[in-house]
Amino acid sequence: MIEEFYRIERRKELGAILLLICCAGGAILYLSVGVVPVGLGESFRILLGYREGIDPGHLLAIEGIRLPRLIATLLVGAGLALSGTAYQSLFQNRLADPFVTGVSAGAVLGTTLAILLGFSSGFLGLGGITLFAFLGAMGTSLVVFILLGVLKRASSATILLIGISLNFFLSAVVSLLLFLHRNRIESIVLWTMGSVASASREKVFFALPVFLLGVAGIFASSRSLDYLVLGEDIARSHGIRVPRVRFRIILFASLLTSVCVSLSGVVGFVGLVTPNMARILTGTRHRSLLVYAALLGALFFLGADLLAKTLLSPSELPVGVVTSLLGVPVFAGLVWKSSRRIY
Amino acid sequence: MALLELQDLSFSYRNRPGVLDRITLTVPPVPFLSILGPNGAGKSTLLKILGGILEATCGTVAVEGVRIEPHQDLSTLLAYVPQSLHLPMEMRVIDFVLLGRPHAMHLTGRVRAYDVEKAFGALEQVGCREFWKENLTELSGGEQQKVLIAKALAQETKVLLIDEPVTHLDLRNQMEVLTLLRGLATEEGRKIVAVMHDVNQAREFTDYALFLRFGKVGAAGPSREVICRETVQSVFEIGVEERVGLFVRSSTKTMHPSGPLY
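Line by line, the protein sequences give chains A and B. Here the first sequence is numbered in the working numbering, starting from 1 and rising by one per residue. Here the second sequence is numbered in the working numbering, starting from 1 and rising by one per residue.
Keep in mind the hints are simulated off the structure, nothing from the lab. Remember, predicted model here, so these are calculated numbers, not experimental data. There could be a bad hint or two in this list.
As the list claims (entries may be wrong) - Here are the simulated DSS-like cross-link-like pairs (lysine-lysine), alpha carbons at most 30 Å apart as the crow flies:
id, chain 1, residue 1, chain 2, residue 2
1, B, K158, B, K133
2, B, K118, B, K133
3, B, K118, B, K158
4, A, K12, B, K118
5, B, K133, A, K12
6, B, K216, B, K158
Could you put the whole structure together from the sequences, leaning on the hints where they help?
Here it is as structure tokens:
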């Protein structure tokens, strides 16, 4: 029995390595595909820093456009998956997603304001939309934190209700603004469909520190998440200070979600489904679950964006549309396969 | 060393004052203590205060001489077993039991071999080793209860706090779980504190009984002495006409050692 236990553990480790290899392979493919096709070997050499004998046009396409977009794609996929996993465990609900605290509606409101007020120049090379989306998302989180501070003993259900109410409220404000400025509806609605096409070096430099902070915070909470899944009483009996830990997890998950939303707009499904896929593949121990979720999220979003930019080439589909179209059958297949055994 | 020392212990929920009302009590170092009383008497609340899950409104609590402070990691002193587990997602039995070993995990996510053996050992002890890779939520009520106890055993604490271990189980599983707990108390020297409903089982299996009534101590003493018709009548407010103590006389001296009280 114990031998079988270790056999399954080894299989999970191999699975994580395999996912990592797939991500690396996917990344090279992603760099090669586009309006100007670049050979896989050449992409690989550029990625490793070789410059000699490389077509300058290819170099520009990859370094100037595709590499920032690749990094943005990986960050968004991994970030949404990690934040979704944390929320699902925290709220003991497999249907929770990264936008459960109303962050997405806040980001949409921020973007709407940026577009309507004409703040497109931005700050430090960042687009005004990116900045406003981030501020809108973080502003919404701040409201959640203030309410959590006021309601000291808030249960998970109360927090969910606060998030849902905020979502509805902010969406209504956005709808009102859209109604009043009907001529600008298109650009706002397109943004809400999600896209990483506008990723730039500046955006990635802005996003990376926030992303790393969020990831570190979530991984540092993995032991607490292990116990929070079992409910507050058991978590408390293991010395976990539930309100404080919950606050910390929501803070880091909000940071991650906000930075993802500011990079890509609202991308549904990744943050809901990849954590569930990871649970099916590796179980509930968060140290490995979070690694699986991050890798699966990154890989899934990479694949989705690859399809988004190639299916109707040279024009592009919104990646949020592809994630849902692609995600549902993939997930259905996984659920079907897992109905007989758990990981 | 006393098993429990409660000094002026009170607890109130925001909208429900006096759930526990200035309890002062010392429970001698018995292996198996049952906490009994009507619904809403404060039994589970007391158990949660002992486990550091709830914070007393005022007063102090000590378990095995260790004073229970809020937000303290008590997982090396005592293990808490809830009444039931509402798991929203699938979890393998072994992963659940491994959570009783708080330091089982390396930073890399690997599990230490020593802790894996302890977890399998705990499952063996409750007779559920073969279920190790089953989904916890799909086990029967009795098996689930045993796995909950296995996690507490894997914690290797001296004290086990168990909330209504047999309430939802059929007769056979009730006997199995209670016999298991009795064995742990007698043979392994563990100290067990269990909230129970069945006074007959409490008298049969436990050494000491603490009756709570409206947040106060209704009666406390060795189970065979204190669990008698008079106590049950007064604590549960059951009238004399009702069939209390059908087979038991009113005096503890003449009470049948294991006869039912109702």
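Against the structure, the hints:
{"no.": "1", "hint": "B:K158 to B:K133", "result": "27 Å, holds"}
{"no.": "2", "hint": "B:K118 to B:K133", "result": "16 Å, holds"}
{"no.": "3", "hint": "B:K118 to B:K158", "result": "15 Å, holds"}
{"no.": "4", "hint": "A:K12 to B:K118", "result": "22 Å, holds"}
{"no.": "5", "hint": "B:K133 to A:K12", "result": "15 Å, holds"}
{"no.": "6", "hint": "B:K216 to B:K158", "result": "27 Å, holds"}
Every hint from the earlier list agrees with this structure, and none is contradicted.
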